[in-house]
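Participant: Quick note, the sequences are listed as chains A and B, same order.
Read in order, the letters of the first sequence are residues 14 to 368 in my numbering.
Read in order, the letters of the second sequence are residues 13 to 237 in my numbering.
What the hints contain is simulated information worked out from the structure, not anything from laboratory work.
Mixed in with the good hints, there may be bad ones.
[Said to hold, decoys possible] Derived lysine-lysine pairs resembling PhoX-like cross-links, with alpha carbons at most 20 angstroms apart:
no.	chain 1	residue 1	chain 2	residue 2
1	A	54	B	152
2	B	74	B	229
3	A	225	A	242
4	B	152	A	359
5	A	249	A	318
6	A	35	A	16
7	A	286	B	235
8	A	286	A	314
9	A	242	A	139
10	B	152	B	127
11	A	16	B	209
12	A	306	A	250
Below, each chain spelled out in residue letters.
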Amino acid sequence: MAKVLMKGNEAIGEAAIRAGCKNYFAYPITPQSEVAEYLVKRLPEEGGVFLQGESEVAVGYMIFGAAGAGERVMTTSSSPGISLMSEALSYIAAAQCPAVFVNIVRGGPGLGGILPSQGDYFQATKGGGHGDYHLLVMAPDGVQEAVEMTMLAFTLAEKYRGPVMIMGDGLIGQMMEPVEFPDDLKTEPTNKDDWATNGMDTRKSKKRNLVKSLFLDPAALNDNNLALKAKYEQMKKEEVRFELYNSDTDYQVLITSYGTMSRVCRTAIDMLKEEGIEVAMLRPKTLFPFPEKAVFDAAAKDSCKAVISIEMSMGQMVEDVERCVKGQRPVEFYGECGGDIPSPEKIIDIIKGLL
Amino acid sequence: MDFTGIVVVAGNYGSGKTETAINLAAACRKTGMAVNIADLDLVNPYFRTREARIPLEALGIKVILPDRQYHFADLPILSPAVADILRQQSDLTILDAGGDDVGVTVLAALASVLKDKSVRMLQVINVFRPFTNDVAGCIKIQQEIEASAKLHITGLVSNANLLDETTPEHIYRGYDLVQKVAAQTGLPVEFITAGQKVLPLLDMHRFSCPVLPIDRKLLPPWKRI
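With these hints in hand, go ahead and build the complete structure from the sequences.
Facilitator: See below:
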């Protein structure tokens with residue numbers, strides 16, 4: 014297919030359709046409402062359903078219901094909306110149902126603002142909801158990657174039978190870039206008859222499937238948590254994704270950055286290179302599982318004097334970076350989170366301050 | 013290009029209305045005209061005229077925006093200053109509307125001010141955007157915009173582009189599409205646009221309308237042109 018010009022939000026909607034998602038439930042919130050606006054036009058053409066819930070709390074459980082029935086399902090929201098869905102996310106993780114959640118992050122806490130932010134890193138990677146669970150979290154740095162990650166999210170949600178999150182920020186959702194769609198991904202979930210409440214007649218079985226998150230028997234609850242933990246360990250082995258930039262040089266500083274912020278850092282690195290200053294960047298594409306070993310290895314390079322995490326937050330991913338660098342280099346932080354995205358010139362000043 | 017009076021720049025969501033409006037304002041200002049531009053985009057909270065305020069004002073263009081305190085709000089606030097400038101005499105007043113039919117609803121609120129004036133409304137079309145890649149799609153949006161704005165579209169603009177990846181073939185494809193829309197609707201093609209990079213590569217004999225050069229003002233923060 015030839016390239017088209019799309020907003021991140023629209024492209025995420027189209028990617029879901031191409032991944033075979035026929036069920037989309039959402040509640041509008043800036044800066045992601047274009048996903049709903051796009052899918053309300055496109056989904057009926059594909060025989061799909063868009064339902065606007067009365068709130069994000071309702072939407073979270075609509076997703077749980079459809080996912081439990083083995084349907085390919087997605088919702089999109091922005092920060093405060095994801096907070097409202099967090100209880101359902103915990104239930105869906107516990108009940109081991111595949112579902113795709115997209116968070117086009119806006120400034121917080123509270124109602125915050127409508128401009129881009131990465132302030133939901135903790136919420137996405139460390140919980141949000143209650144209990145011992147993780148989301149598999151991917152963070153695109155542009156519209157093309159948003160498409161690829163959204164399609165991949167459905168595959169991974171089914172592989173691990175759990176919720177997968179795409180964490181973009183307002184700019185990823187709102188900006189337009191030329192984009193090309195990969196071939197449609199329209200495979201049926203392979204093993205849903207084993208667990209989904211998709212109807213005994215449908216699956217021609219006499220066995221009842223039960224989707225639940227309540228385990229009153231302590232041994233059963235422990236077993237369920239162990240099953241979840243085994244999945245997270247498998248993700249750490251098989252799903253870590255990241256990109257290294259300018260890392261084949263004798264870089265003096267290693268930047269860790271993701272999403273929109275990494276685009277600015279890339280420009281700053283190119284500009285510094287023209288001045289003869291080599292800086293590398295490690296960009297996690299998966300925020301959970303985090304590229305732990307890659308961060309350690311990149312920081313360990315002899316030429317590297319310092320590591321700096323640059324984020325549109327007050328310092329969130331930096332905690333994972335510090336954990337992975339294991340004290341071998343100083344780990345610094347720079348962040349802004351009012352909605353203004355730091356300029357390449359600002360990043361250059363910060364980097365020069367480390368030399 | 014001969015634009016005077018009130019010109020509304022409309023079109024489907026993301027068709028490039030704002031870049032078109034800004035560059036049209038700049039081009040007309042450079043010919044010595046007194047130009048006003050008003051940001052009527054109450055729909056989309058990002059990439060609006062308000063982000064190009066400084067370069068426009070440097071050219072001597074009067075920019076009418078929502079009150080500063082609402083600059084970053086996603087609220088449907090129409091500045092009373094818009095009605096004021098429509099009443100005032102100026103060579104050219106450009107109204108940069110929001111996308112789709114929803115985006116021009118605001119024009120109905122200005123109906124009493126607009127009613128005795130000559131108003132032109134341009135439909136901006138980018139063939140590479142969803143929903144306007146064929147004649148039927150363009151005409152559908154056109155009808156929706158007209159119904160919602162309570163105004164008629166008077167001319168077409170092709171803003172065919174894939175941003176930095178735009179080639180002459182893309183511009184030609186967009187031009188050919190708007191020609192077909194023009195043939196079917198009877199509307200004139202007022203002009204087409206072309207970014208500074210692709211402009212020197214174009215065969216100008218292919219076009220029977222003016223070409224407005226686009227100097228992109230709404231850039232993501234990492235772009236340095």
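Participant: Which numbered conditions among the earlier hints are violated in the structure presented, ordered from lowest to highest?
Facilitator: 4, 5, 6 and 10
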